[in-house]
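2 protein chains.
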Amino acid sequence: MNTLAEENYLKSIYHLASNAEMVSTNQLAALLNTKASSVTDMLKKLADKELINYTPYQGVSLTPAGERIAINIIRKHRLWEFFLVEKLNFKWDEVHEMAEELEHISSTELIDRLDKFMDYPKYDPHGDPIPDCNGKFKVHDLKPVSAAETDTTGVICGVRDHSTPFLQYLEKLGLTIGKKIIIVDIIEFDRSMVLKMETQTVQISREVANNLLITL
Amino acid sequence: MNTLAEENYLKSIYHLASNAEMVSTNQLAALLNTKASSVTDMLKKLADKELINYTPYQGVSLTPAGERIAINIIRKHRLWEFFLVEKLNFKWDEVHEMAEELEHISSTELIDRLDKFMDYPKYDPHGDPIPDCNGKFKVHDLKPVSAAETDTTGVICGVRDHSTPFLQYLEKLGLTIGKKIIIVDIIEFDRSMVLKMETQTVQISREVANNLLITL
DNA sequence: AAAAAAGTTTAGGTTTGTCTAAATTTTTAA
DNA sequence: TTAAAAATTTAGACAAACCTAAACTTTTTT
Numbered sequence: 001m002n003t004l005a006e007e008n009y010l011k012s013i014y015h016l017a018s019n020a021e022m023v024s025t026n027q028l029a030a031l032l033n034t035k036a037s038s039v040t041d042m043l044k045k046l047a048d049k050e051l052i053n054y055t056p057y058q059g060v061s062l063t064p065a066g067e068r069i070a071i072n073i074i075r076k077h078r079l080w081e082f083f084l085v086e087k088l089n090f091k092w093d094e095v096h097e098m099a100e101e102l103e104h105i106s107s108t109e110l111i112d113r114l115d116k117f118m119d120y121p122k123y124d125p126h127g128d129p130i131p132d133c134n135g136k137f138k139v140h141d142l143k144p145v146s147a148a149e150t151d152t153t154g155v156i157c158g159v160r161d162h163s164t165p166f167l168q169y170l171e172k173l174g175l176t177i178g179k180k181i182i183i184v185d186i187i188e189f190d191r192s193m194v195l196k197m198e199t200q201t202v203q204i205s206r207e208v209a210n211n212l213l214i215t216l
Numbered sequence: 001m002n003t004l005a006e007e008n009y010l011k012s013i014y015h016l017a018s019n020a021e022m023v024s025t026n027q028l029a030a031l032l033n034t035k036a037s038s039v040t041d042m043l044k045k046l047a048d049k050e051l052i053n054y055t056p057y058q059g060v061s062l063t064p065a066g067e068r069i070a071i072n073i074i075r076k077h078r079l080w081e082f083f084l085v086e087k088l089n090f091k092w093d094e095v096h097e098m099a100e101e102l103e104h105i106s107s108t109e110l111i112d113r114l115d116k117f118m119d120y121p122k123y124d125p126h127g128d129p130i131p132d133c134n135g136k137f138k139v140h141d142l143k144p145v146s147a148a149e150t151d152t153t154g155v156i157c158g159v160r161d162h163s164t165p166f167l168q169y170l171e172k173l174g175l176t177i178g179k180k181i182i183i184v185d186i187i188e189f190d191r192s193m194v195l196k197m198e199t200q201t202v203q204i205s206r207e208v209a210n211n212l213l214i215t216l
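Chains as they are written, first to last, in the numbering used here: chain A, 1 to 216; chain B, 1 to 216.
Honestly, I wouldn't trust all of these hints.
A pair holds if it fits inside one copy or across any two, identical chains being indistinguishable in the list.
[As the list claims (entries may be wrong)] Here are the simulated DSS-like cross-link-like pairs (lysine-lysine), alpha carbons at most 25 angstroms apart as the crow flies:
| hint | residue 1 | residue 2 |
| --- | --- | --- |
| 1 | LYS179 | LYS196 |
| 2 | LYS122 | LYS91 |
| 3 | LYS196 | LYS49 |
| 4 | LYS91 | LYS116 |
These are calculated hints, taken from the structure and not from any lab test.
Starting from the given sequences, assemble the full structure and let the hints guide the process.
Written as structure tokens, this is what we have:
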């Protein structure tokens with residue numbers, strides 16, 4: 001088995017790799033709230049275990065074995081988040097910290113039964129896909145609201161920013177997962193956007209529109 | 001907050017203290033699968049934090065602060081065990097290891113909501129009492145089957161041995177929590193006991209009778 | 001009440017994961 | 001294309017939690 005620290009590194013590498021192919025030492029240090037030198041130490045250890053491909057000064061990527069572990073941790077994280085929201089009635093902005101701990105509970109049997117208990121959910125409370133017990137999942141084709149034109153209709157299916165303040169703000173506006181919106185206006189001046197929903201109309205900044213994801 | 005190791009020491013001291021007032025270094029070393037010298041190190045640390053009363057060579061006891069922490073860990077352990085059995089359909093002999101990990105999840109809010117979700121259970125799957133959110137619980141007055149006389153009627157309410165083989169054996173005999181039994185015979189020769197249940201009659205050794213707890 | 005045995009602590013090390021400071025490599029810019 | 005800046009690695013330390021071996025207390029036995 002792997003240590004808690006190792007699991008967190010693998011998970012972080014996986015997340016960072018979704019943007020750029022290669023992940024740098026400093027990126028990891030920033031995400032993990034640690035120093036570059038500590039990251040280097042751990043990268044050597046993970047490379048020894050053949051969980052990452054590491055060339056000094058050139059960055060890292062996950063090996064298939066490393067990716068399997070990373071996806072499994074993400075599966076656990078998202079299933080626990082789903083549990084916390086759907087069964088224990090937490091709000092979507094309250095669950096991240098708890099899931100960061102719960103994702104390291106080791107039993108595979110436990111997580112598979114939890115999955116079944118909740119009837120195999122496909123997406124977590126933030127719209128992120130939940131890998132199945134074989135690590136398979138499909139990312140649905142999302143784009144930021146900011147990329148849509150006037151009169152476009154879409155359904156909110158995810159967020160780019162997972163921070164508590166952002167999630168609370170969206171909650172307050174009623175912009176939650178599954179809501180249908182129509183872009184009724186884009187303000188030239190600051191490119192803020194006016195969205196029409198079932199029962200109300202709200203205006204959001206470019207910044208918010210960039211971090212709110214919809215399917216068309 | 002306390003480390004995982006500290007929590008496990010406090011929990012172990014609590015459990016051992018239920019038999020003898022004072023807990024010895026060697027008892028702890030045995031229960032925690034570690035060496036006496038390691039125990040001594042940790043005892044100094046816990047004494048510094050004022051979680052235990054420690055006099056070198058004389059053993060330890062918990063301070064009120066230490067007991068509070070220990071009871072909270074036990075509360076979490078037993079609530080998670082209840083969850084695993086009642087919601088995820090694990091058997092009573094399968095849940096200990098998982099609960100050993102889950103008991104260290106830190107959120108109080110999480111455990112209180114889990115408690116509510118399960119409707120505030122009073123006893124875990126092995127019949128042990130679950131402390132409430134204030135750390136209060138009542139031990140019901142149990143005695144081993146071996147202490148009962150012929151023709152006594154009782155209800156199985158707990159076990160003294162929590163090991164997997166013992167629990168599996170009881171399960172196989174149908175001797176599970178809540179079952180009503182009548183002691184119909186005690187064999188002179190080896191003091192084994194014949195128990196009559198709803199639909200069957202079983203015979204158990206003195207050893208088993210010693211570890212099976214009933215209320216009268 | 002000594003001597004032996006059992007239990008406990010101290011001294012000195014190890015591993016994991018972190019750190020700071022210095023050295024090295026790569027990238028950027030003049 | 002070389003000098004400066006940025007990124008990364010190495011060297012040497014540290015805290016937590018464990019270890020072995022040796023020393024010290026307490027208890028038991030004779």
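Quick rundown of the hints versus the structure:
1. LYS179 to LYS196: This pair counts as within: shortest intra-copy Cα distance 11 angstroms, inter-copy 61 angstroms.
2. LYS122 to LYS91: within (18 angstroms within a copy, 28 angstroms between copies)
3. LYS196 to LYS49: The answer is neither: 52 angstroms in one copy and 57 angstroms across copies each exceed 25 angstroms.
4. LYS91 to LYS116: Answer is both; intra-copy 22 angstroms and inter-copy 16 angstroms each pass.
Going through the hint list in order, the structure does not satisfy hint 3, though it satisfies all others.
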